[in-house]
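Given next are the chains, with one letter for each unit.
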Amino acid sequence: MGKYVLGRIASALVVMLLVSILTFLVLDLIPGNAAIVAVGVEGSAETLARLEAGLGLDRSLPQRIADYYRGLISLDLGTSSYYAQDVWSLIKQRLGVTIPLALLSTAISFSCALILGSLAAYRRGGLLDGICRTIVQLAGSIPSFWLSLLLLILFSSVFSVAGIGDYVPPSVSIRGYVTAVFLPVIVLAVGQLGPMLRLVRSSMITSLGEDWYASARVKGLGRGRLIFVYALRHAISGPLTLCGNQLAKLLGGTAIVESIFSLPGLGRLFLTAVEMRDLQLVQGIVIFITALVVLMNLVFDILVHLVNPAADSREAGGA
Amino acid sequence: MARRLLTFLILFSAFLLASCSGGQDDGAATGAAGGTESRVRMAVTVDPDGLDPHMSASASTFQVTSSIYETLVTVDEQGNIIPSLAESWTVAGDGMSITFSLRPGALFSNGNKCDARAVAASFQRLLSESVRSQDYAFISSVEVVDDTTVRFNFGQLNVVALSTFAYPWAAVVDTSCADDLRTSPVGSGPYMLSSWIPQQSLVLSRNPNWNGECGIDQVEFVMMPDMTGQVTALRNGQVDIILITGDLVGQFEDDARFTVNALAGNGLQLMAMNNASAGLDDVRVRQAINYAVDKDAVIEAVWWGYGEKIGSHFPVVLSEYIDMNDLYPYDPQRARQLLAEAGYGEGELTLRMYLPRSYQEYVNAGQVIAAQLEEAGINVEIQIVEWATWLSDIYNGRQYDLTVVGHTGRLDAYSLLARYRSTAAENYFNYSNDVVDALLDQYNTTVDDAARMEIAHRLQEILAREVPALYIQDPIQIYVTTSRLEGFSVFPINIFKFNEMNFV
Amino acid sequence: MKRITPSLAAGITLVCIVLIPALVSLFCMPYDPQAMDLHSRFAAPSAQHLLGCDHFGRDLLSRLMEASRLALASGLFSVFLGALGGIILGIAAALGPKWLETMLMRLADALMAFPTILTALALAAILGRGTAPSIIAICVAMIPTFSRLTYSMVCEGRASLYVRAARSYGAGPLRIAFCHLLPSLMGRLVTQLTSSLGSAVLLESSLSFLGLGIQPPSSSLGMMLSEARAYVLTHPYQALPPGLVLLVMVLGFNLLGDGLNDLIFDRRRAVHG
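Residue numbers (the working numbering), protein chains in the order written: chain A, 22 to 340; chain B, 578 to 1081; chain C, 4 to 276.
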């Protein structure tokens, strides 16, 4: 296990390096830089040159990359050129929004999927199964930004609910916070429900069809206990891995949903950073998200191993 | 077991319902409570890019910093220069220097003295480091006469020098903390920064060292990128000021709880043409484009009629303005004729139009104009680009045929029109006319007001005839405030005076 | 043996609902989708304009027809290219030398983690105007899915009896890949291809929702939705038709993918049973 974890971390570092070099190349390729954005439609060529020098943009790409990694080794993500604030503190501010959002929506869709999926698998072909299959298809196909718009119209215009699109940190007002994050959580949960429910259902069907289940039934074990403890344990590795993937994706921010609901999350920060050519901030967020994705996958692989030691975590990773 | 599961299911759905209805109740409660009376909340879409007025060119910065820092002089609603940090001033007989008398005892928010020495230091920084330093190149030296008197000597005559001291980017900053001003601003204005979480909110509180009038204790800028959110927040009393688009006026017009302030701003919106690119280098083609576009329809389609049509590069609100709208009225027949004279038959001219994505109104205007140009037989290829790309490739790189963009207001004709000088870096039109260059040179050194007015008129006329751009409109800004808020006004430059507002 | 499952039938129906108008739009449309008529802006659905008009008075039905055609075309293109690239990379990783395998699979990981928005921006900067940048950006986003799938299936197949048999006859890795392995994986790949169409259409619409996709005056579903977003308060109806078309399209492809999967699964079972 230890060797496996070490190997995973090593390959994660390689992936992060690749991603960040790609980011450097891309930002070098697309027109415009932070100095041009700062000067805007005012200011002379000399001003522009002075600002570029101030931001170190006049040096060659390899030099800038080398400088960046020197900072990174000492865990310094640098300073945002647009906000003039420390990149890490900017990211940290966003986590208060993004982490609860990701955790809540994943938890909701995971628990819904477990309950509905197990019942649907148990009564395969029944009414509940039909409903489940419909949910799987609908939830998996509905575009999240459209759902956001519909909910926004419904709650803002029709029901006139106050506080949507006005983010308040929970430390200021719990109620204000709940109102602001309630709809986005629903949207994100619906977005994940489709694939999750489908996977739970199919793994449960497989699990209930296995020999041990029949023999356990013969031995007289309770049906509920069988389904929700034994069968589920066998079936859970796929859904858990998926859960990890989804969570990691959400922690990377969901730019569109965040900007529709005016939430100050990581995705919106990323969009602004790209728009303003804030190289340090873009890099910081990309590296942070990549690290998170890798870490989440690792954590959930270990989790799968703990819940069901029989499942090979490598195989589950591909599911 | 099944029963336990059922209980769990019921509890779970109860929890979902509770969190659902809880959210709704809560919204109503907050809405009813409203904000505290001495705090004004304004919804904005974009963050400032740091709070150092010398190091920014962005309007979103100045609408915040104009409350933190003071300028030597400021403007009233009509654009007249009035005292601010300087109580009075005298312009030398030959116009080659201005002496300002500062308000005695002025302090920065950190307690440092804001005296003549501080003003001189701040202007030294402006001259050497600022984004706008070239705008102040006419200043040759800054002299500290005594504690409250500071004199600016000019290297070249600039008859509009006084107004350049009113712009928010000429604010006086405490240079002893110059390096941190972007995140911890220190000025002598009515407010100081109390917190700023980007993309969430920025809160200003009263500057204890400020002795002037101040009807509002706290100003909060709430970052809300979505218009729907802003309107809902205003309706529910969570914000007090929002800036809306014309289509939403109907939502507030007949509601006594809100005041709609539709005020002609001091800006220009235009479709720039690259006067050096093939086709557009022919004045007949540019005129044809002007004939082909129905500006009234564009203003109606994009701004719901909230805009003053213009025919030259000059905002309606300035005193030098002359109406040039009748020169090229909407006449598609004439447009085709001119195009044919220039040698372009139906569909033989193809122009690339670049539109900046961050500005939806320009993207819309571009689409409407493109449709009208197509009707006159000109092909238009639209590409929507990011703002940074626009700045780099179109504005600085001048690689374009057509683009729609806006310019923010200036107080005098020279700063407005200087970008038409053939050699100017800001001349992204690639426009070149010796007469215009000569007139611009003359303008700044003409002391006689009537003669200067004459030059301003001539410049407007030449631009209106040669149309280096399609001048669309002077936009009308529509701010909606709660009726309880008094004293809200809009100025010809991008500033707010929150200390002059109060709640009734 | 039931050949047509309900989901397959539903999928085919839904895909046809969007496919037929999209194909018809090649020959005729009720109106020019780009023609503006400012007198009928936000017109309600009527006999003249079956679905009403948008904020520039353009006919919504015609714009939807054009948008679905472009969405289908760019979805097909990007998935096809993405699948091709992914399959080749996956096979190369599975059958190539160890270093190639490591390199390609790490590259796939990196691509997966790399933000699609950045890819789209970079490609727009290189390729300029038009639909090509967004198609290639979506294609790049599709590659890792296909390369991983192919890789894992080839790895499974590599050890199977018939492959070992083929190798013992002296067949080279390329021959094994294309003559023996790929045909057996075809069913699985076709299923993945169909459901990827759904995600490609979704991705295209979110890119153009952010303004990174198809450029005006052509219409796209995401662009129509982002335009509708500005008028949510005064004209909420505008947000309905483009979203519904998008939903039907994605749902159709997903159901079709599922149906095909069932079909192949059933046939296999029939063969084995």
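Treat the hints with caution; some may be incorrect.
The following label-pair restraints were derived from C-beta to C-beta distances [as the list claims (entries may be wrong)]: (1) B:757 <-> A:31: 36 to 46 Å; (2) A:97 <-> B:658: 38 to 48 Å; (3) B:1081 <-> A:175: 32 to 42 Å; (4) B:830 <-> A:146: 24 to 34 Å; (5) C:38 <-> A:97: 15 to 25 Å; (6) C:100 <-> A:191: 31 to 41 Å; (7) B:830 <-> C:48: 48 to 58 Å; (8) B:622 <-> A:30: 34 to 44 Å; (9) B:855 <-> A:42: 58 to 68 Å; (10) C:27 <-> A:155: 22 to 32 Å; (11) A:70 <-> B:1025: 33 to 43 Å; (12) B:855 <-> C:48: 20 to 30 Å.
Honestly, the hints are just simulated from the structure, not real lab data.
Just so you know, even glycine gets a beta-carbon here, dropped at the ideal spot from N, CA and C.
Query raised in the report: Cβ-Cβ distance between residue 757 of chain B and residue 31 of chain A: within 36 to 46 Å?
Result: Cβ of residue 757 of chain B to Cβ of residue 31 of chain A: about 40 Å, so the range 36 to 46 Å holds.
Query raised in the report: Lying within 31 to 41 Å: is that true of the beta-carbon distance residue 100 of chain C to residue 191 of chain A?
Result: Hint violated: Cβ distance 54 Å, outside 31 to 41 Å.
Query raised in the report: Does the Cβ-Cβ separation between residue 855 of chain B and residue 42 of chain A fall within 58 to 68 Å?
Result: violated (40 Å)
Query raised in the report: Is the gap between the beta carbons of residue 1081 of chain B and residue 175 of chain A within 32 to 42 Å?
Result: holds (35 Å)
Query raised in the report: Is 22 to 32 Å a correct range for the gap between the Cβ atoms of residue 27 of chain C and residue 155 of chain A?
Result: With a Cβ separation near 29 Å, residue 27 of chain C and residue 155 of chain A satisfy 22 to 32 Å, so the hint holds.
Query - Cβ distance range 15 to 25 Å for residue 38 of chain C and residue 97 of chain A, holds or violated - result: For residue 38 of chain C and residue 97 of chain A the Cβ distance comes to about 56 Å; the hint is violated.
Query raised in the report: For the pair residue 830 of chain B and residue 48 of chain C, does the Cβ-Cβ distance stay inside 48 to 58 Å?
Result: violated (27 Å)
Query - 20 to 30 Å as the expected CB spacing between residue 48 of chain C and residue 855 of chain B, which holds or is violated - result: With a Cβ separation near 45 Å, residue 855 of chain B and residue 48 of chain C fall outside 20 to 30 Å, so the hint is violated.
Query - Whether the CB-CB distance between residue 622 of chain B and residue 30 of chain A falls inside 34 to 44 Å - result: holds (41 Å)
Query raised in the report: Is it true that the C-beta distance of residue 70 of chain A to residue 1025 of chain B lies inside 33 to 43 Å, as the hint says?
Result: Hint holds: Cβ distance 39 Å, inside 33 to 43 Å.
Report task. Indicate whether the distance between the beta carbons of residue 97 of chain A and residue 658 of chain B respects the range 38 to 48 Å. Result -> Once the Cβ atoms are compared, 47 Å apart, the range 38 to 48 Å for residue 658 of chain B and residue 97 of chain A holds.
Requested in this report: Look at the Cβ atoms of residue 830 of chain B and residue 146 of chain A and judge whether their distance stays inside 24 to 34 Å.
Outcome: violated (59 Å)
Of the hints listed earlier, those the structure fails to meet are numbers 4, 5, 6, 7, 9 and 12, in rising order.
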